[in-house]
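Chemist: Put chain B on the given structure of chain A with help from the hints.
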Amino acid sequence: MNVGTYISGAIHIGLIGWLLVGDVFRSDPPEPEVTDVSVISATEFDAMFASSAAPEIDINLAQMPAPPAEDVLDQPIQLSQDVAPELTDVADPDLPQEQETMPDVTGLQVLPEAEVSLDVPTMAMPSFDAGPDIKIDNNPESKPRDAPRVAPVPFLRPDQDVAIDNAVTQAAAEVEAPEVVVEESQDAAPEEATTEIVTEAEKPAGAPTSVPVPKLRPQPKDDIAAPEPSPETPKPDTTSSALAAALAEAEAVDEVPATAEEPQIPLGPPMTLAEQESLRVAVSGCWNTGSLSSAALRVTVVVAVQMAETGKPVSTTIRLVSSTGGEGEAITQAYEAARRAILRCGAKGYDLPQEKFGQWRDIEMTFNPEKMRIK
Amino acid sequence: MTRLFTLFLALIALALPASAQQGPLRIEITEGVIEPLPFAAPAFVPVNADAKEVGEDIATVVAADLVSTGMFRQIKAASFISGITSFTSPVEFADWKAINAQALITGQISTNGNKLVIQFRVYDVFSGQELGNGLQFAGTTDGWRRMAHKVADAVYSRITGESGYFDSRIVFVSERGNKGARQKSLAIMDYDGSNVQMLTDDNDLVLAPRFSPTGDRVLYTSYETGFPRIYLLDVGSASRRVLEEQPGSISFAPRFGPDGNTVVYSLATNGNTDLFRMDITGTGRVRLTSSPAIDTAPSFSPDGSQIVFESDRSGSQQLYIMPATGGQAKRISFGAGRYGTPVWSPRGDLIAFTKQHKGRFHIGVMRTDGSEERLLTASFLDEGPSWSPNGRVIMFTRETQGATGQASLYSVDITGRNLQRIRTPYGASDPAWSPLQ
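Top to bottom, those sequences are chains A and B. Going by the working numbering, the first residue of the first sequence is number 6, and it counts up by one from there. Going by the working numbering, the first residue of the second sequence is number 396, and it counts up by one from there.
For the record, the hints were derived by calculation from the structure and aren't laboratory data. It is possible that part of the hints are untrue.
[Claimed, not checked] Partner residues aside, some chain B positions facing chain A, computed with beta carbon under 7 Å:
1. Pro-419
2. Ile-422
3. Ile-424
4. Val-428
5. Met-466
6. Gln-497
7. Phe-521
8. Ser-522
9. Thr-555
C-beta: ideal position from N, C-alpha, C; glycine also.
Just chain A, same shape as in the assembly (with noise of 0.2 Å):
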């Protein structure tokens, strides 16, 4: 889950700092061109600056000596047509530039003028006094402040070392304590085993190498697999009709939460706006107003749910959360809608993304009928 939230997180500034450093929403960056000014008189100059400051202050931005600038911003505009094109391109977006450039301005004359380098050792002096503080050693409770840092395993070193051998062959024993924890992460093995079976099912020709480790989940899937595992126990497939199916999907709804508590879930990279708007509007699709009264219908629910890996929502679990703008019947009434929704369109399962079954494991949905209100 780290490595997911990392990348997005990585990615997220990479665009924040390629929209505020790289220019992104400039239209037209070319004021560097405006280097030629440089050249220009000092008449023409101040012409060109009269007509727009902005691409003349980042000039005088190369121009780090020019101390009169602020002299030759006061002078009128007298600029030449041909700087003009140039300004009426970037004349929109630099109004906001000019504003920011503008302090740069004032920022370079007193630059120098703050040159003194008086500060500087003012700002040295103070660390240096730490310095001799942190020298002093007498005090062992300097060391505390390690402490909190790493205590928990220091801690422990001490003691194994200052602990009398007897102990030792306990420790022995809790040296078998990890291979439990490697069990706990045999239930990372079948998660392979997994990945190989849905291969095996979908390479039949191939599966049938023998393979020990599958006895731990019974997948309705492997039907082509099925001759493998003799011993397997008998499946219900009766999926042959329709309504089966139907009845089977319906019923697989209340079956979700024995499985649903007990592996550990990925929390999985965040859900992008897209696949959350998927969401939105699929339960939207079920959310029928049409049977609520007027007062329901001013009762906004926040209703929580809980999903099953399938995708589909655990209907135990469906509560509300809250309300506002009604009270009795009218509460219970839009919660009773808005678990219709869920349920409903849930029933064969919300496409989400399987991988962030961590992040969409827990839902609480808002259910608003403003927009839906009798008026």
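Modeler: For chain B alone, coordinates are given in the frame of chain A:
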């Protein structure tokens, strides 16, 4: 080029992972679908042989009630994978999910002589849960239809969250004969047009019947004496008496107050029509308006504190609201055209009205302050809206054009959907919906 580049960036951003979420994934759904909810109502299981036929009839009426709302769609029995053979056996929800039944109504019926007992349950199929608890109604076999309406009301309430209106009745003016010489009489029927009974003969012209809040009495206007007079009719015994009789004046457009003991009506004297109120005993008359204009069609708010009425005091027919004790009236209709016959919703949030504009008649609703006006119908002649007991449906009169035109009753949901004609043996007009019984 820049736009393409920006679009490219947007697509990349859409595909990139969203910001790392804390806790559950959260999504907001703001748009759904509006469609009838499919339900299954298999025949109620008969406990004894005599109950079999009525069990099927009751299930049929329950389904018809629900379907008539436009909010439900019945799944036909031919689609059922398995039926309900025992009321107490567990429901095979998978069978009903497979046919996309979102609600399931099961029941059983037993008869013992003239006694009829109905037990039923409602299930949310996809959640596999029962909606509420099972209910039981007991009555006589003669009243099976009304019991079926009560079952439908309970089902409707459990699914929609608001009370039903199936166990209610309509009092209306039954019309026979040609347009120029129609014979009118008061009639009453179930909300769905069944069990029509005449309350008066057709010798005298009758108009604008209105139910009392308890549904056992009806106010109406009759020309029995040659002039319009307000009468009070007891529905059970069909006995009646004149409520307002003042020489030299005509009274009409009566309507009960929410307490059932107050009547507000129009009284025309010397060519001027104003609003009055009085006790149901015919005493304690109080003038509510005093203007040279025609003030009529008053209707109480559900809490009895205000009255909405129509008046042409501004030069054209418009809607006004004033305190129930009279006083300053505030105009609430400002749209183009003329507004009339306002009726306050039982919920108190809307006012239904008739609007005439550019030669067309409309039934519409608006907020009590006149805002959010919505026209629900449009035809040659639509008029006289009346609210269902739950404030969800409006019934009104629609008359077709021409010399052979005939008046009929229609209903429409306040959303403007599910426009339906109510079948009556003859022409019908001026419907008034009773409260839920």
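Chemist: Hints first: check each against the structure and report whether it holds.
Modeler: These are the hints, each one checked on the structure:
1. Pro-419: 4 Å, holds
2. Ile-422: Constraint on Ile-422 of chain B satisfied, holds at 5 Å.
3. Ile-424: 5 Å, holds
4. Val-428: This interface hint holds because 5 Å falls under the 7 Å limit.
5. Met-466: This interface hint holds because 4 Å falls under the 7 Å limit.
6. Gln-497: 6 Å, holds
7. Phe-521: 4 Å, holds
8. Ser-522: This interface hint holds because 6 Å falls under the 7 Å limit.
9. Thr-555: At 5 Å from the nearest chain A Cβ, Thr-555 of chain B passes the 7 Å test, so the hint holds.
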